[in-house]
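Number of protein chains: 2
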Amino acid sequence: MSALTPELSQRMDAYWRAANYLSVGQIYLFDNPLLKRPLAPTDIKHMLLGHWGTTPGQNFIYVHLNRIIKKYDLDMIYVSGPGHGGPAVVANTYLEGTYSEIYPNISQDEAGLQKLFLQFSFPGGIPSHASPETPGSIHEGGELGYSLSHSFGAVFDNPGLIVACVVGDGEAETGPLATAWHSNKFLDPVTDGAVLPILHLNGYKISNPTILARISREELEQLLRGYGWTPIFVEGDEPAPMHEAMATALDTAIDQIRQIQIDARKNGDTARPRWPMIVLKSPKGWTGPKVVDGLPVEGTFRAHQVPLHPNTIPEHLSLLEDWLRSYRAEELFDEQGRLKPELAGLAPEGHRRMGSNPHANGGMLMRDLRIPDFRDYAAAVATPGVIGIGDTHVLGPFLRDIAKLNQETRNFRVFGPDETLSNGLGALFEATHRQWDAETMLNDEFLARSGRVLDSMLSEHQCEGWLEGYLLTGRHGLFNCYEAFIHIIDSMFNQHAKWLKVTARLPWRRKIASLNYLLASHVWRQDHNGFTHQDPGFVDVVMNKKATVVRIYFPPDANCLLSVVDHCLRSRHYVNVIVAGKHPAPQWLSMDEAVKHCTKGIGIWQWASNDQEAEPDVVMACCGDVPTLETLAAVSIMREHLPHLKIRVVNVVDLMRLQPQSEHPHGLSDTDFDDLFTTNKPVVFAFHAYPWSIHRLTYRRTNHENIHVRGYKEEGTITTPFDMTVLNDLDRFHLVMDVIDRVPHAGEKGVYLKQQLKDKLIEHKRYIDLNGRDMPEVREWRWNSVT
Amino acid sequence: MSALTPELSQRMDAYWRAANYLSVGQIYLFDNPLLKRPLAPTDIKHMLLGHWGTTPGQNFIYVHLNRIIKKYDLDMIYVSGPGHGGPAVVANTYLEGTYSEIYPNISQDEAGLQKLFLQFSFPGGIPSHASPETPGSIHEGGELGYSLSHSFGAVFDNPGLIVACVVGDGEAETGPLATAWHSNKFLDPVTDGAVLPILHLNGYKISNPTILARISREELEQLLRGYGWTPIFVEGDEPAPMHEAMATALDTAIDQIRQIQIDARKNGDTARPRWPMIVLKSPKGWTGPKVVDGLPVEGTFRAHQVPLHPNTIPEHLSLLEDWLRSYRAEELFDEQGRLKPELAGLAPEGHRRMGSNPHANGGMLMRDLRIPDFRDYAAAVATPGVIGIGDTHVLGPFLRDIAKLNQETRNFRVFGPDETLSNGLGALFEATHRQWDAETMLNDEFLARSGRVLDSMLSEHQCEGWLEGYLLTGRHGLFNCYEAFIHIIDSMFNQHAKWLKVTARLPWRRKIASLNYLLASHVWRQDHNGFTHQDPGFVDVVMNKKATVVRIYFPPDANCLLSVVDHCLRSRHYVNVIVAGKHPAPQWLSMDEAVKHCTKGIGIWQWASNDQEAEPDVVMACCGDVPTLETLAAVSIMREHLPHLKIRVVNVVDLMRLQPQSEHPHGLSDTDFDDLFTTNKPVVFAFHAYPWSIHRLTYRRTNHENIHVRGYKEEGTITTPFDMTVLNDLDRFHLVMDVIDRVPHAGEKGVYLKQQLKDKLIEHKRYIDLNGRDMPEVREWRWNSVT
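Those sequence lines, one after another, are chains A and B.
According to the working numbering, the stretch in the first sequence is residues 462 to 1248, in order.
According to the working numbering, the stretch in the second sequence is residues 462 to 1248, in order.
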């Protein structure tokens, strides 16, 4: 029995031709969109940009997805993994009507067609990817590798949703994509939806073949089955049999998905499903020019970009006209340029159209989180300096209760690469589990088929990709990670920040929840991991992105951390970076003080300062938990030994407060900045990350030339926390010496103190220096005991 | 027939016990290294750090590798992929004698044993990974995911070498590792060596199970076969049968490797081999405590770090003593603490010992490249401003001839993620090929089984990992990449820079060739890729690393690019970042001028300046090809319209020249800086990357507050190259307006000119603004035609 009647097959082929026609039109045509007259050189854009190669295959997939959406009434969105699939997604959302609804100027008539064609890859127009401007897209795909992760993120907690994810065979060679296939071990068939990967094996990248197209069918099938999938192969280049094969494959896949869901949801089957996927092997540049200038094009790498160049090679003009006319637009569009009704009827309706599905404009579906009062989780701070249990350990119960309160709405998740416990968030497991669908064994902890935590895969790429997909479809979450290794996803962050920047300017795109990073296990406390685990530079990558979307916080203690996380979870359309400690460390502020301090984001700590009566002699600024500790220890030393010095302590929680108001919405006015940092007094600034970041933020400030910054300067190994600060000149002794060097007022007492501190540092080095003679002293070494 | 005689099996088991004993000793013992007296609390280190979990398995592997090295006289090195395998590699290199040769204080006697134990994860001691301090290591592995890529890099062009690469099953979940299995499609069995992956399936990460241990054996085998490998499984926990099984597996693997090499090298077999690999399934924390405090430890995630805590739980002391004594050290070491001769004899000798193999200290084997005179490749520059063919296109023939000249020594390779042609280096294919061992088809270009270019895999991670492995084993290379997507390997760069920093301080480590990045396809010329492909921030990541190892170059034209690349290929132990254009662009300097300019790294372009007779009114600084073009265009405008202005043009090739001398070895002295930039005149600085980087580098300079920087500020889309500069205020008109705003001397003429330029920009925006009414003007738009 055929999946398609001959009539339906022909209609679908016509629809496909329409999409292909619109795609070629986007790449080439300046005018004459319906070819009502012979193609003339003036009809061609001056600069030809775009990528034909992937387009016809994606058009083919789209029309077939439309069929099954209608047949099964599917709630489905489309993720375009291959690079530069823009023409296909734009063509199809135009054909289904969503494009013109969002952009009325691109109307469904000849004038609209002309604009549709012109705007593509044209100054002032639209990009060549499935960019934010494209209806139905949650995945621009300019950088390759994240389509599958985004798709899985989208279907978590969306049991009715299917994401059809086209994976390019070039993209499939990237590391992130290669491991993303394993996402199927983290999907709960009861409470999550399904991802239908369509591996598009068109055989070529920019100018190379692809690996997966050049291994045997047997190997490819083993690989995909080894990843846990059930592949269905569709292969060929003749349209008619390909339509039938694709329709059959999709029917089979949907049947299998539904059966898996019924088995799990109704029949109590708990075995991990082998979800179906499709391997579509079709020629690159399918239906395009077969031979150009004597060289084969269709089915080769030469079909990757723009196969014909009528502007520079006049003979190509007629080839282009032949190509365009091969789609027989006159059969597809009426005289006014409107898609004929019998074809238009092939598309789904309303929100079932993939360009109009609200999941792909996630802000439309987003509901606020239920968040308990974070003040209820406060650490008791009877007096500044009491030792806490580790700041993230205080945060844990707050996150646990958020997970609990939103258990029913299922719209909050915590992500991490096997580090959630290590990062001090174990309290989560009092209320929820790690979601895991592979085998479990007797001694496993906290694994379950369903749970709010996804941290059982050692892949920062997956955590980031899943979370992005989850947020883009209207939910909330947090990614906890070692500080150094968040650099692994620098480039993914870049792409997400760019997405946020562009979507914020599109009126029809609703805002989504912020992407929240909790970077625990930071540079200063890698006591047993050492140099490889020390890199606080992610904030520098983040600061390069648009000020409208990035926020960076360094809460100095647990109560501030609670306040900051509460704020970040309520915020929208930002990337929030929060750096926090997990080890027992001094606590400074009561909850009331913390709330006030975090609300301002920066402020004088009066209780630690003694300049109330006068101008300070020096400002001791600090940002980050360890720098704050060292700064306050330095202040203690100075207040004991140099009591005549007037010291002001300024703590920075919200790093962006340092920037000028003109550069960042959180930036302090110059007046406020000068009030805090003075206009002419020395500022000794202890900073968590690389010191020059502070200069980058403050170089326009009045007092900038007096700001002296200590921070991580790429020195470290496995050693004590205090020695880490010594190695980087951030320790209390260096900070005091920095003051003495800068404040003439320190006087002779200062000179004397400086010598004492130098001696202390030499003594410290002797303890640390491990050579034979010093062994007995090393034996007496006490961890973190220097005061 | 058994692989091992009972006697040999027992001796190997004893050797394994010795390694395990040394590993536990490293984690725990402060004193009493031979347990000559009962274990006392004072024998235990105060702070217990380290990771037991992976160690016994790696010790097991190492003793078995020793056997086959001796049996087959193998040239083999060891790559320790799992995290924190330090104790194992240190123990084994100590047992084989290499450790004491390099570190005579860690002698092969009781005193040496004590120091060996004490130094591990101890202040002033050594890290817990296979760090640079570890003999035989080319792979620290603090960050996970790169062991296989490094291993393949090491065996390229080393036909006699086998790298035994232990892959952790946690590490195997990372993206980079997941795609690295495909490296076998790029190995030439004739001219390259072999990688023997040993997937160590010990089942757990920090606190989670691993995916590959929780899928069925059938699925795992399919996966590995799908990746193109022939897996040999070794599974169990009883030492005796495991020794036999492992020995048999290794004999089989070596036989298969040799047969593959004979078939390819002698019998002319050109089929892609299915190389053997081993899957070793053994308990995590094997031979360690079985149950602690009532909870199972051996074979669970609880064995990951330190399983016993005698410092805080006194009952653990006797458990630790039992554990240590279970290895029966008295049978393994003599009274003086020296390994007994019948065991010592199991290790290979001389450079066959894996800790002493020169490939793992690549600088020992490194030979200088043969490099032709780069001046012979000069672009003719009759007059400044002539349009070139694209700077990287000029570089191509130079690289081609380097590939040719070093064809026989086979020690130079170019790496890229399918971008070598796109980046303008196609000339390489006149002399060599893309190395590729998968299927080829009729229309492929430049593919061959052997070639100097590895660019057929779309994975920046692979390019970076392969190149690192290639350099670390004493060869030379260059990685060409799109500028934006080099961020994908930020974290790998971080680790490599850290490795270079530490090894530079180790006298026994020889310097290696620099890691050279050529970032073409940069932010300003993403005409058809748009916003997703625009990110010049990699240099900010690079600048965070130690000044002793990082260098950054922005050659403004082709002759400068040639000079810079020549310099970088001759340099040692650096990371060099070179940013260059690939599109036809103006050329400024003759080869002689370029050499002089690049030697200084920064300088006044007298021919473009008119301040020869006097102090300048303004300094126009530029860095990068597009900013240089816009700056010179701005200067042209000013010299025409404001001829009374004295303008000095300063071009920066070597970005690090801007830093103070105290911060970077390339830094200009303050006097030299002031000579160039003046102490009080306005500086309008057009920079390739994010503008604040210039402030970060110059904030200590006298004239810093007059430096006004334009650069990329995260604005862009698909548009014309000129419009890209307009969007970011870096265009010639903005630069002139910046001068007029800052130089009172510009006078009324300046005010008038500014108004004219504003009008021009408005006119430009109108061309670019794509709405219906403006269509006719857009039609007339000429690409890059604004002057």
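Please note: incorrect hints may appear among the correct ones.
Same chains, same label: a pair holds when it works inside one copy or across any pair of copies.
Listed next, the in silico SDA-like pairs over lysine to any residue satisfying Cα-Cα at most 25 Å (straight line) [claimed, not checked]:
#1 K1142 / H1165
#2 K1174 / A965
#3 K1057 / H812
#4 K1007 / D988
#5 K1007 / Y1160
#6 K1226 / Q766
#7 K962 / G851
#8 K865 / P702
#9 K1219 / E1101
#10 K1226 / L510
#11 K1174 / P1152
#12 K532 / K1057
These are calculated hints, taken from the structure and not from any lab test.
Exercise. Between copies, within a copy, both or neither: which fits K962 and G851 at Cα up to 25 Å?
Worked result: Neither: 35 Å inside a copy, 32 Å across copies.
Problem set entry | Within, between, both or neither, where K1007 and D988 count as close if Cα-Cα is 25 Å or less | between (35 Å within a copy, 21 Å between copies)
For this session: Go through the copies and call it for K1174 and A965: within, between, both or neither, with a Cα cutoff of 25 Å.
Result: Close across copies (17 Å), not inside one copy (36 Å); limit 25 Å.
Problem set entry | K1142 and H1165: within-copy, between-copy, both or neither at 25 Å Cα | both (10 Å within a copy, 19 Å between copies)
Problem set entry | Identical-chain pair category, K1219 with E1101, by Cα at 25 Å | Classified as within; 17 Å inside a copy, 61 Å across copies.
Exercise. When no copy is specified for K1174 and P1152, does a C-alpha distance of 25 Å or less occur within a copy, between copies, both, or neither?
Worked result: So K1174 and P1152 pass the 25 Å test inside a copy (7 Å) and across (22 Å) alike.
Problem set entry | Up to 25 Å CA-CA - L510 versus K1226, copy category | Intra 62 Å, inter 21 Å, cutoff 25 Å: inter-copy only.
Exercise. 25 Å Cα cut-off: does K865 pair with P702 within a copy, between copies, both or neither?
Worked result: Neither: 52 Å inside a copy, 49 Å across copies.
For this session: Pop the pair K1226 and Q766 into one bin, within, between, both or neither, using alpha-carbon distances up to 25 Å.
Result: neither (62 Å within a copy, 28 Å between copies)
Problem set entry | Alpha-carbon proximity context of K532 and K1057, limit 25 Å | The answer is neither: 57 Å in one copy and 72 Å across copies each exceed 25 Å.
Exercise. Between the shortest in-copy and the shortest cross-copy C-alpha distance, which are at most 25 Å for K1007 and Y1160: within, between, both, or neither?
Worked result: both (19 Å within a copy, 23 Å between copies)
Exercise. Between K1057 and H812, at a C-alpha cutoff of 25 Å, which is it: within one copy, between copies, both, or neither?
Worked result: neither (45 Å within a copy, 65 Å between copies)
Violated hints, listed in ascending order, are 3, 6, 7, 8, 12; each of the other numbered hints is respected by the structure.
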